[in-house]
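Student: Can you make the complete structure from the sequences, with help from the hints?
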Amino acid sequence: MKKYLSFFQLRFAMGLQYRTAALAGIITQFAWGGMQVMMYRAFYHTDAAAFPMTLSATASYIWLQQAFLAFFAVWMMENEIFDSIVNGNIAYELCRPVSIYNMWAARSIASRLARAVLRCFPILIVAAFIPQPYGIGTPASLLHFLLFVLSLILGLAVTITFCLLIYVLAFFTISPQGLRMVFTSCVEFFSGAVIPLPFFPDKIRSVMELLPFASMQNAALRIYSASIGTDEIRRAIGLQVFWLVVLTAAGKLLCRLAEKRIIVQGG
Amino acid sequence: MITMEHVCKSYRIAKRNAGFAEACKALFHREHEIIHALNDVSFTIHDGEMVGYIGPNGAGKSSTIKILSGILTPDSGTVLVDGRVPYKNRIDHVREIGVVFGQRSQLWWDVPVIDSFALLKDIYSISDICYRQSLEELTELLNLSELLRSPARQLSLGQRMRCEIAASLLHRPRILFLDEPTIGLDAVSKLAVRDFILRQNQTHKTTVILTTHDMQDIESLTSRILLIGKGQILLDGSLDDIRTGNKSIDATVAELYRTYNI
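Protein sequence lines correspond, in order, to chains V and X. Just so you know, we're using our numbering here: the first sequence kicks off at 1 and counts up by one. Just so you know, we're using our numbering here: the second sequence kicks off at 1001 and counts up by one.
What the hints contain is simulated information worked out from the structure, not anything from laboratory work. Keep in mind that the hints are not guaranteed to be accurate.
[Said to hold, decoys possible] Listed next, the stretches of chain V that the computed footprint assigns to chain X, with coverage defined by at least 3 CB atoms under 8 angstroms from CB atoms of chain X:
| # | stretch |
| --- | --- |
| 1 | 5-19 |
| 2 | 80-93 |
| 3 | 97-103 |
| 4 | 256-263 |
[What the hints assert, rightly or not] Okay, the calculated bits of chain X under chain V, using three or more residues with CB under 8 angstroms as the criterion:
| # | stretch |
| --- | --- |
| 5 | 1058-1072 |
| 6 | 1095-1106 |
| 7 | 1122-1134 |
A virtual CB, placed ideally from N, CA and C, is assigned to each residue, including glycine.
Tutor: If you want it as structure tokens, here you go:
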């Protein structure tokens, strides 16, 4: 266990080094979040009753999404892992008495946490001072807040196990480009990163909510503003646990298979 | 003790001729060629031996090292290293070995070398006392004291290689695989590295298997050489066996390659 903790520490410390990148990220996310809030404001002006969430719930959703972008953005993958597979440096990783899968998991958690820690506080604080209904609202209740935190952690875990699955698949495809493109666009659309899932037509939404993508950011962000009921919260968290188990099992299984048929590229 | 018996390993390689038309053709029909990187390779290496593994480019040297270190799985044959099958219980196996790939880096690029070492300490669960002793010894022998606090990306190739070798030895492996450890080093670093490997072998009884194209490495380090060509072991003997007259070692080896037509 200690060895994975060390991987975590080293990667976390490395992530904290990039201050300029974090600053640039914060500015981008303010601009993006502000733009989205204004866009939804225009929609709600036309007919507020036509929307499944209140404007203030939608604004909270958007600001939380921006603050925790590093938790859920599947496109933020570890390039070093892909590089090591493509150029063959993975040979060194395989010479260590560690499980490749667990080591990658430790690294992914560390880099996402480091990014989020640097970025989330400025965004959360400023968004809290933006006047209602355009800023971030207070959570519906203390219980909702605690469930939100639980769901946030589960969502991070689901996102990471999904990324790990893509890393492992890169062993089989030689180049990771195609995998990355297909999966990141799928996730962006189906996870509610582009449009929150409640805004989709009911029939499509009921299917989308069962997919692993809905167990990433969708669950946590909707619990926060209580835009789903108690039964639905229970179901959403249950689904998160389910997908976490399935994705981890699939990743570990494929990883073992990949290790058996590995070819180190580049001599 | 290391034994390899009748080990075979082949790769499937896509081939096509040059040119745009050929590239279009390859969209529909791809030709593959099976390359037999290792073809019935057998040898035994005893504890504390220092063996030079030589052969022309593409002969199968690196493939052998990778099979012995548990990274690749052979197609057939049996491999035993101290009673373990490397590719079956990889994690138990790699605890006892050290590997240096001369063309790759195991140090973390952006952090000081000492941080990479500290990570290795935890990965191999090295105790504090052992770690301090190993680090002190390696720092002195490889002259690392100036380098440890710099990030790996700012070291020169020779400086980095010395750190790489130290990194592979922190956990005091009983067997050391060196895949071209002196590639790109200047004369001083080369001598330092050679001297160090020799000393490791003498004081710690480390078994060393070394692949290289630098025949001076072989001459100064190893008493036994294994010659591999086209995936087969062609010669297993000492340098004196192959030397004729007063020719230089490079000329001797070149002639050897010519006689075996590899």
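Student: Each hint needs a verdict: does it hold in this structure or not?
Tutor: Taking the hints in turn, this is what the structure says about them:
no.	hint	result
1	5-19	holds (count 7)
2	80-93	holds (count 4)
3	97-103	holds (count 3)
4	256-263	holds (count 5)
5	1058-1072	holds (count 6)
6	1095-1106	holds (count 8)
7	1122-1134	holds (count 4)
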